[in-house]
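Novice: Chains as they are written, first to last, in the numbering used here: chain A, 602 to 989; chain B, 87 to 333; chain C, 121 to 457.
Please keep in mind that the hints were generated in silico from the structure rather than gathered at the bench. Each residue gets a CB set at the ideal place from its N, CA and C atoms; glycine is no exception. There could be a bad hint or two in this list.
[To be verified] What the simulated footprint calls covered on chain C by chain A, stretch by stretch (three residues with Cβ under 8 Å from a Cβ of chain A suffice, anywhere in the stretch; the number is not a length):
id: 1; stretch: 198-209
id: 2; stretch: 235-245
id: 3; stretch: 324-335
id: 4; stretch: 403-417
[Stated by the list, open to error] No more than 20 Å apart at the CA atoms, straight line, and that leaves these computed lysine to aspartate or glutamate pairs for EDC-like:
id: 5; chain 1: B; residue 1: 247; chain 2: B; residue 2: 110
id: 6; chain 1: B; residue 1: 291; chain 2: B; residue 2: 253
id: 7; chain 1: A; residue 1: 774; chain 2: A; residue 2: 679
id: 8; chain 1: B; residue 1: 198; chain 2: B; residue 2: 219
id: 9; chain 1: C; residue 1: 333; chain 2: C; residue 2: 345
id: 10; chain 1: C; residue 1: 340; chain 2: B; residue 2: 159
id: 11; chain 1: C; residue 1: 333; chain 2: C; residue 2: 221
id: 12; chain 1: C; residue 1: 340; chain 2: B; residue 2: 143
id: 13; chain 1: B; residue 1: 223; chain 2: B; residue 2: 245
id: 14; chain 1: B; residue 1: 247; chain 2: C; residue 2: 436
id: 15; chain 1: B; residue 1: 291; chain 2: B; residue 2: 245
id: 16; chain 1: C; residue 1: 340; chain 2: B; residue 2: 265
id: 17; chain 1: B; residue 1: 223; chain 2: B; residue 2: 272
id: 18; chain 1: C; residue 1: 437; chain 2: B; residue 2: 268
id: 19; chain 1: B; residue 1: 291; chain 2: B; residue 2: 268
id: 20; chain 1: B; residue 1: 223; chain 2: C; residue 2: 440
id: 21; chain 1: B; residue 1: 197; chain 2: C; residue 2: 221
id: 22; chain 1: A; residue 1: 620; chain 2: B; residue 2: 110
id: 23; chain 1: A; residue 1: 774; chain 2: A; residue 2: 711
id: 24; chain 1: B; residue 1: 247; chain 2: B; residue 2: 265
id: 25; chain 1: C; residue 1: 333; chain 2: B; residue 2: 253
id: 26; chain 1: B; residue 1: 96; chain 2: B; residue 2: 159
id: 27; chain 1: B; residue 1: 197; chain 2: C; residue 2: 440
id: 28; chain 1: C; residue 1: 340; chain 2: B; residue 2: 202
id: 29; chain 1: B; residue 1: 150; chain 2: B; residue 2: 110
id: 30; chain 1: B; residue 1: 150; chain 2: B; residue 2: 187
id: 31; chain 1: B; residue 1: 223; chain 2: B; residue 2: 253
id: 32; chain 1: C; residue 1: 333; chain 2: B; residue 2: 312
id: 33; chain 1: C; residue 1: 340; chain 2: B; residue 2: 187
id: 34; chain 1: B; residue 1: 329; chain 2: B; residue 2: 253
id: 35; chain 1: B; residue 1: 223; chain 2: C; residue 2: 221
id: 36; chain 1: A; residue 1: 980; chain 2: C; residue 2: 322
id: 37; chain 1: A; residue 1: 980; chain 2: C; residue 2: 221
id: 38; chain 1: C; residue 1: 333; chain 2: B; residue 2: 142
id: 39; chain 1: C; residue 1: 340; chain 2: B; residue 2: 110
id: 40; chain 1: B; residue 1: 198; chain 2: C; residue 2: 345
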Amino acid sequence: MHDQMPHHEHSMVSSHFIKAAHQPIQARSWRTLAHRTGLEFKRHPYQSSLSIILFALLSLSGWAFFEWGVLNAVFLPDEAACQLARPEGACWGVIAEKYSLILWGRFPFEEQWRALTAVVMIMLTLSLSASGAMWRHGHRSWLYVSWVGCALFFEILMSGTFFGIDIHLGLTKVESELWGGLPLTLLLSIVSIALATPLGILLALARTSDMPMLKTFASTYIELVRGVPLISVLFMASFMFPLLMPGLKSPDVLLRVLAGITLFSAAYTAEVVRAGLLSVSAGQVEAAQSLGLGYWATQRYVILPQALAHVLPGLVNNFISIFKDTSLVTIVSLYELTGALGLALNGDANWRPFKLEGYLFIGLIYFCFCFALSHFSQKFQHSQHHHS
Amino acid sequence: MNNPSVIEFKLVNKWYGHYHALRDINLTVTEGERVIVCGPSGSGKSTLIRCINALEDFQSGTLKVNHISLNEDLRNVQMVRQSVGMVFQQFNLFPHLTVLENLSLAPIQVKKMSTEHAHFLAMAQLTRVHIEEHAHKFPAQLSGGQQQRVAIARTLCMEPKILLFDEPTSALDPEMIQEVLDVMIELAAQGITMICVTHEMGFAKRVASRIVFMDQGQIMEQARPEIFFSQPQHPRAQSFLAKLLDH
Amino acid sequence: MAILTLLGWLGYNTWVNLKSRGIQSGFDFLTESAGFDIGEHFLLAFDSSDNYGWAFLAGLLNTLKVSILGLIISSLLGLLVGTGRTSPQTLIRWCSRAYVECLRNVPLLLQLLMWYVLLIEYLPSSETPYSWFNAIYLSQEGLSMPMLMWQPHESNAFFDVQLIWSWPTMDRFGIHSDMNLSPEFIALTFALSLYTSAFVAEIVRAGIESVPKGQIEAAKSVGLDNFQISRFVVLPQAAQLIRPPLTNQYLNLIKNSSLAVAIGYPDVVSIANTALNQTGRALECISILMTLYLMLSLMVAWGMGRFKDASSLAIEKDQEAQDRAQQRPHRTGTSHA
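With the hints as extra help, turn the sequences into a complete structure.
Specialist: As structure tokens, then:
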């Protein structure tokens, strides 16, 4: 088995122990920069050339955008100057001129401070929910209290009444049809999310349960709702809801739309929750049952916490989708942020040509909200990983 | 007469960030040698052999494989990889291809062989590892030992000059370890250069022409197996062997 | 039990209300004349004397026209950007990330309106269009192109047709052509494709990153180069994981095409809306709409399921084996105590 060893013996014993040393700091040269950005022609010839071309394209278009958006742009609400600057320069003056209409919709001008306060309140409560400290057990009840309080104040501030009952605070009544812009977007999103989540959980539980009737009902509902676009559901909500209620009373447009979005989102939430339920191992149910826990107790204390934790990123994605979907209510004449912009600019021939700047503005608002949400969920995921 | 050295490490150092993984490695392997690398976990054994086929890079020192100097030049790396084969702990067979396709993929794509020739070659290698009847199955249909033998046959299809084994039996159930070791013993008898990281000391005693013991990123001791196992010189080698032979 | 009661109550209310309002029900309205015109049609001639059923068909074809083109473009773009997300080059990675984040975090409706405004405001009028090779014209009326058409020969025999190119012509009234893509169509396709491609890119990225690193190492150690590794080892395995969420995105694209109603492109939803407004048959129109979309969803799901073959089944088995080895949980369902 052993062939001839070469004539010099390889046998050796290391006499000293080499201590760990620090990596020698390389001189900052083009080579290290290239290595760090991966821009190495020998290793990745095609991709490096692509990078160069991309860089050139980006610089060109970046400069063009900079020219249009900053250098040649008009920032003051001066309509004549804006017309002159077209199409080389952007007209940000349209925002300065119309921002109140865009942000608050048809809310009466004098009362817009109420809408602003309502939005600020929501933002505060949101940031409170986002901070990890509040989710600890002792503090969680404070979180619920603050949300309920926020909801009540929102109602009072926006409508001037308390669900129709007059409270004599001296605030003029504002019909819900006039609500619009940012408060409406936030209202629709948050209420839909708040209602669709428990509904979705119930649907998911129904779909994974053993009762055949419940299972078929849930499955049919979910597949039906997921197979049609939201617009058709909104149309249905506008036209069919009055038919479903006794008498000919037709509820508020806002309520109808809210119901439509909630029922729609519940189906998608149910699918996400169902994936989570399936990811919890069967042994958990067996352990809970052998301890004597009943169905609802098992779900509430054992299964659902694990299931929801597993699919938290999917749930947050769902929330982001709901937030974006609220823009569709424009089509049924409820003027949230996107619709308010249309309203602000369509009617005014002077400012109508500058729709693009308006769209970019509210696009930025949407982007900030959605990006913050997804960033928050990623951070939350990371901290989960570090804990577990 | 002159046995050329096929692998030459000269003062090779590697860092993972701040962690000094390989320290001043000097190692020469000549053609036909069978080197077993052993040591406690975290000693850098896998990192060492992964440098040989450029799956890891290194920051200082020089490394020559088959007289080709390994540096950033992609062509050098490609040339080295075509003549060095590696068998992994996790087999890493391509699950979407049949056994025959797993083996013939590289010869067809890299060596530009015709399909018939590649299949013929593949069947020959499968016969060499005694598994030719499973040629048209998918990896998931085979046991662990069979999969690892297929993996060995896959490297043989490229006709490598050097074979690297990274703990080839560590992921196998005990009853399947021997069938893989038997194949490796046969290969050793046929004179191919082998570098093997393993904990199977019985195999090492039988096959190795040299044992390399590593600890904390550096080579502590090298010796012929009969010397190493009976009279280890370095204190760390002594304690390592003592722990191994305990159970 | 409770749910059945609820459904029953709702149904009863509906019936009572319909009766009291004197609204007729039934699908017979489909044979009535539509009385409205559809702006653009695909493969179908339509004028206001055709019936509602025909109108729905025209709308469906318009939806299909947008959806199919959108599916193709978004898949290609998504594949490109998704691969870019895994590139070793920092610039390509960063650009792909920016692309995905910008397109995903803004509502589709807004993007659609933006593209529409861009096309309408910044395209020249049809008297002075952009033109290439005297064959392709781009103006506010849309994109006009030459197209192959069947034209009967002079002899008027039925089978005696010839295939000719129909070129757009321009005179002082504007552009006349047989193949005109309206700005609404272009805006809708653009917005849909870009928006969906961002989601496809993320799905592709997740699929690529889920291929175990060992596969790439094994491929490298047999001597395959980067391109060959992607083509023979990474992508086939990634494709397996990409298929289900990709099917979902395709369905989303088809459903999102319903946003056409916002810019006046006559897809099946806007046709249904018009029909609904004109005839008052809300229930019937909406149920037709929902049935059509469900049919489309089923077709897409079936089509994507056809891509299972021996190789993908083998990958599934392998992944199951890996799951078992790592003892990942597998659950079959709860029991109602």
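Novice: Against this structure, judge whether each hint is valid.
Specialist: Right, here's what the structure says about each hint:
Under a criterion of three residues with beta carbons nearer than 8 Å to beta carbons of chain A, the stated coverage of the stretch 198-209 of chain C is upheld, 3 such residues being counted. Here's how the stretch 235-245 of chain C fares: 4 of its residues keep a CB closer than 8 Å to some CB of chain A, so the rule of at least three is met and the hint holds. Judged by the Cβ-Cβ criterion of 8 Å, the stretch 324-335 of chain C is not covered by chain A as claimed, because only 0 of its residues qualify and three are needed. Proximity of the stretch 403-417 of chain C to chain A, defined as three or more residues with a beta carbon under 8 Å from a beta carbon of that chain, is established by the 7 residues found.
A distance of roughly 26 Å separates the Cα atoms of residue 247(B) and residue 110(B); the hinted pair therefore is violated under the 20 Å criterion. Of the pairs offered as hints, the one joining residue 291(B) and residue 253(B) holds, with about 16 Å between alpha carbons and a cut-off of 20 Å not exceeded. About 34 Å separates the Cα atoms of residue 774(A) and residue 679(A), which puts this hinted pair outside 20 Å; it is violated. With a CA separation close to 26 Å, the supplied pair residue 198(B) and residue 219(B) exceeds the 20 Å bound.
For the given pair, residue 333(C) sits about 15 Å from residue 345(C) by alpha-carbon distance, which is consistent with the 20 Å threshold. Pair hint residue 340(C) plus residue 159(B) holds up; C-alpha atoms about 15 Å apart against a cutoff of 20 Å. Proximity of residue 333(C) to residue 221(C) is assessed by CA-CA distance (about 26 Å); at most 20 Å being required, the pair is judged violated. Only pairs whose Cα atoms come within 20 Å are accepted, and residue 340(C) paired with residue 143(B) is accepted, the gap being roughly 14 Å.
Only pairs whose Cα atoms come within 20 Å are accepted, and residue 223(B) paired with residue 245(B) is rejected, the gap being roughly 23 Å. As the CA atoms of residue 247(B) and residue 436(C) are separated by approximately 35 Å, the hinted pair breaks the 20 Å bound. Simply put, residue 291(B) and residue 245(B) have alpha-carbon atoms about 26 Å apart, too far for the 20 Å limit, and the pair is violated. For a cut-off of 20 Å, the pair hint linking residue 340(C) to residue 265(B) is broken: about 26 Å separates their Cα positions.
Straight-line distance between C-alpha atoms of residue 223(B) and residue 272(B) comes to about 25 Å, which puts the hinted pair past the 20 Å bound. Using a Cα cut-off of 20 Å, the hinted pair residue 437(C) and residue 268(B) is violated, with the two alpha carbons roughly 29 Å apart. For the proposed pair residue 291(B) and residue 268(B), the alpha carbon gap of about 14 Å is at most 20 Å, so the pair holds. With a C-alpha separation of about 17 Å, the suggested pairing of residue 223(B) with residue 440(C) holds against the 20 Å cut-off.
Annotation: proposed proximity of residue 197(B) to residue 221(C) is violated, straight-line Cα distance about 42 Å (limit 20 Å). Annotation: proposed proximity of residue 620(A) to residue 110(B) holds, straight-line Cα distance about 10 Å (limit 20 Å). Distance restraint check for residue 774(A) and residue 711(A): the Cα-Cα separation of roughly 12 Å lies within the 20 Å cut-off, and the hinted pair is therefore satisfied. Distance hint between residue 247(B) and residue 265(B) is unfulfilled; the C-alpha atoms sit about 23 Å from each other, more than 20 Å.
The hinted pair formed by residue 333(C) and residue 253(B) meets the criterion: a straight-line CA distance of about 17 Å does not exceed 20 Å. A hinted pair counts as satisfied when its Cα atoms are at most 20 Å apart, and residue 96(B) with residue 159(B) qualifies at roughly 19 Å. Taken as a hint, the residue 197(B) and residue 440(C) pair is broken in the structure, with Cα atoms around 34 Å apart against an allowance of 20 Å. A threshold of 20 Å between alpha carbons decides the hint, and for residue 340(C) with residue 202(B) the separation of about 23 Å lies outside it, so the pair is violated.
In summary, the hint linking residue 150(B) to residue 110(B) is supported, as the alpha carbons are separated by about 15 Å, within the 20 Å threshold. Proposed proximity of residue 150(B) and residue 187(B) is contradicted: the alpha carbons are some 32 Å apart, above 20 Å. This hinted pair does not check out: residue 223(B) and residue 253(B) have alpha carbons roughly 25 Å apart, beyond 20 Å. With a CA separation close to 38 Å, the supplied pair residue 333(C) and residue 312(B) exceeds the 20 Å bound.
Between residue 340(C) and residue 187(B) the CA atoms are separated by roughly 16 Å; this keeps the pair inside 20 Å, and the hint holds. For the hint pairing residue 329(B) with residue 253(B), the CA-to-CA distance comes to about 19 Å; that is within 20 Å, so the pair holds. For a cut-off of 20 Å, the pair hint linking residue 223(B) to residue 221(C) is broken: about 43 Å separates their Cα positions. Taking the CA atoms of residue 980(A) and residue 322(C), the gap is about 18 Å. The hint holds against a cut of 20 Å.
Between residue 980(A) and residue 221(C) the CA atoms are separated by roughly 16 Å; this keeps the pair inside 20 Å, and the hint holds. For the given pair, residue 333(C) sits about 13 Å from residue 142(B) by alpha-carbon distance, which is consistent with the 20 Å threshold. A hinted pair counts as satisfied when its Cα atoms are at most 20 Å apart, and residue 340(C) with residue 110(B) does not qualify at roughly 26 Å. Taking the CA atoms of residue 198(B) and residue 345(C), the gap is about 13 Å. The hint holds against a cut of 20 Å.
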